[in-house]
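Protein chains in written order, with our numbering: chain A, 1 to 358; chain B, 1001 to 1262; chain C, 2001 to 2293.
Take every hint as true, because none was put in to throw you off.
Calculated pairs, DSS-like style, for lysine-lysine (alpha carbon to alpha carbon, straight line, at most 30 Å):
#1 Lys-286(A) to Lys-302(A)
#2 Lys-104(A) to Lys-2207(C)
#3 Lys-2185(C) to Lys-1090(B)
#4 Lys-2207(C) to Lys-156(A)
#5 Lys-86(A) to Lys-108(A)
Hints listed in this document are in silico derivations from the structure and should not be mistaken for laboratory results.
So you can see what is in the structure, the chains are spelled out below.
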Amino acid sequence: MTNNKLIDLVNISKSYGNNVVLDELNLYIRENEFLTLLGPSGCGKTTTLRIIGGFENPDKGQVIFEGNDITKLPPNVRQLNTVFQKYALFNHMTIAENIAFGLKIKRKSKAYIQDKINYALKLVNLDGFENRMPDSLSGGQQQRIAIARAIVNEPKVLLLDEPLGALDLKLRQDMQYELIRLKNELGITFIYVTHDQEEALTMSDTIVVMNQGYIQQIGTPEHIYNEPENAFVADFIGDSNIIASTMVEDKLVNILGANFPCVDVGFGRNIPVDVVIRPEDINLVKPEDGIIRGRVVSLLFKGVHYEMGVMAGDLEWLVHSTGLVPVGTEVGILVDPFNIQIMHKPESEDEQAAEIVE
Amino acid sequence: MVKKFVERSYIALILIFLYAPIGILIVLSFNASKSRAKWGGFTFHWYQELFHNEAIMSALTTTLIIALSSAFIATVLGTAAAIAMNGMNKTPRTILMSITNIPMLNADIVTGISLMLVFVALKFTLGFTSVLLSHITFNIPYVILSVMPKLRQLNPHTFEAAQDLGASPLYAFFKVILPDIFPGVLSGFFLAFTMSLDDFVITHFTKGPEINTLSTKIYTEVRKGIKPEIYALSTIMFITVLLLLVLINRRGTEKKVPLRKV
Amino acid sequence: MNVLNKLTRHTENSERSLQNTHVNNVKWLSFPYIIWMSGFILVPLVLIIFYGLTNKENGFTFDNITLISDPINRQALFLALKLSLFSTAICLLLAYPLAIILNKTKMKSNSFIVLILILPMWMNFLLRTIAWQNILEKKGVINNILAFFHLPALNIINTPTAIILGMVYNFLPFMVLPIYNVLIKIDKDVVNAARDLGANNRQTFMKIIFPLSLPGVISGITMVFVPSLTTFVISTILGGSKIILIGNVIEQQFRLGNWHTGSGLSLVLMIFILFSMAILSKYDKESEGSNLW
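Modelling step: build the complete structure from the supplied sequences, incorporating the hints.
Given below as structure tokens:
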């Protein structure tokens, strides 16, 4: 990944009737970056992708590609290619014809096209499928063909619209590795749209969390996971306990009546905040050793860990732990200071609205 | 903008093409002159006259009875057949579907003639019954093709679930399967009814000299001139259907409307 | 299409399970229909073949078939072929743009479009055709309009042109609907994918949209061609008594009681119908006729 901006979205707005899908969106994508647009359905992520691809025109704003304004350019002359949600293969053509489609339009030589077909099929591990028809392939295979069809055109950017959405879990995980490998081999920019936070965390260099047409947070997967900027992000990325609390002073927060030491400073005194604590960051100890006391009220075995509900301070805390604590046990709750993430209460109405939805 | 205007105009032209003759027929039903060719002033006369014209009223009755009963019988037979075919293996189902398609794709004149030959071979007097049997025959495929897609959408496990909960197969059918496929059954019925009502060719060959439906009655009058009462009757029928459809659409019933060659 | 295939695959699986559990309960439901079908679809076809290949003494003969080479019959067949091909072509040329426009309007009331095309059928089709007499005849609507603009009158009624017009009028909806029904099922993203891969509007249409709409086109062609080829009503009403199509010849033979001759000529007609049906089924395997509406 370099620091050159490849695509710059400037003040993009888009609405359908009264429904505002994107509102003054600003975002840049760097060369050779794997950027994921992540959010619930209706958050505007697919619309953003389709505006980059040229399938939608923004009402306002510009799409800048390598310094040129391409906002009004139709999709067939843009130097980027899309992998569609349900693959959108041409079912009346063979696999080879599907892959050759873009190259034939560019009037490439027969030999060149043949080379490209062989190369692309090898790349997606589907050698020998040239003469098959798309509907004789499994979902995962069709997905690979859709990718092969796009990359033979040597786009600078590959747009992927929930490409794994229609696959089952195991296949989805395999394809995630495959996509990372492809990205590294091709050395091009990927813009990836998904609602699956795990996919986003696994593959991306950068995650853009979106909700209700607004960008909620941009950052690396680690950053987004460990330091969510608001309750929406915290809630959307992984399980978490989001608790309305009060910042007593620097490095001390009052959660449900108990004072927890933390590492955040600069919020001021007695300021209402939201606190995010990941379930795996909560340590269950003897009642007298905890900062707050509680009682285990539910217990589920989840394979790698136990999921417990702990009633403490009139709130059921979600706790993940590898150790089993039977239901009814009195426990104390302890959290390492650096595992307590303090967030400002949302300020604008928009942000609040954005939170209510999920 | 220009493109949109051209597109709109094109739709409008086609619609004028399709509806102009209907407009003319409605105008003719109010024409005081008996002749089709000249306008003799506005009148409701033919609408009053219509109900006293026994030949037309009897043709109407025959048409409606045949349309209703053939549609009903075809719906029962066709729905049963569709359910059975849906449960079959691919090969027998394909064979049955191909045969089912024959009356739809075959020319009406051939269907009509071949049915007539059967009735004659069986020494069956051509008349009401032969027309009814013929109409049922060409109606069944439309019912099957309306019901089949609904059956395919059906979750097969609901039927099992009903039985699992203690329902007898028959009870499960009426409580679980039928409500799900009912829109298809209903549109099959309307389709069959429409086809029967609009049929001329097959009726022409299978009716014998004794009876007339509206279509065959009109055909006998083509040369000597159509009685204006017929325009009045057709206008009433057309407007009735139009109003019914508007009402149904108002209530937001998403019904697939039927179609067939004339 | 992809999804469609999955769906069919899925339903086939479901069918299997449906079949395992209660196939024995429902198989009998098809028996009345199978008996009916044999009696009223298959036996009639066998009979028409039998009549077509025998003479009045029930002796085997090809005479009824070869009668088609009789000048009058041959002309009637050729004229019917010519007029039906013309009307099919005109229907296709009128219907395809219409289907595209209707598909573009994104009117979600799919049924409304179907309705508007079907509604005329509720006016008896003989009457609708007769109304064209009013429009086309010497002192008809068209000539009145032309006279108003001081243009020369057209002489259309009782010509082959009038018959073609009648065919196009009656069968146009059967061309529009199958094409429209196929077009609305084309995945928008398949079209987008073609654009994405560099195809311009014309290339997208030629390489993607048209090939994918072919089943609808074929089905439309059959649904216009077969009834046009075999009609005797339209030619009777709009062609006057001088223009005779093969449909008129066959109808006349039956009216005169020459069933063997009529059946023989029908068999010739059926060859053409079978031919177009064969083409149809080649392109339309899976949908089992559901393209028709």
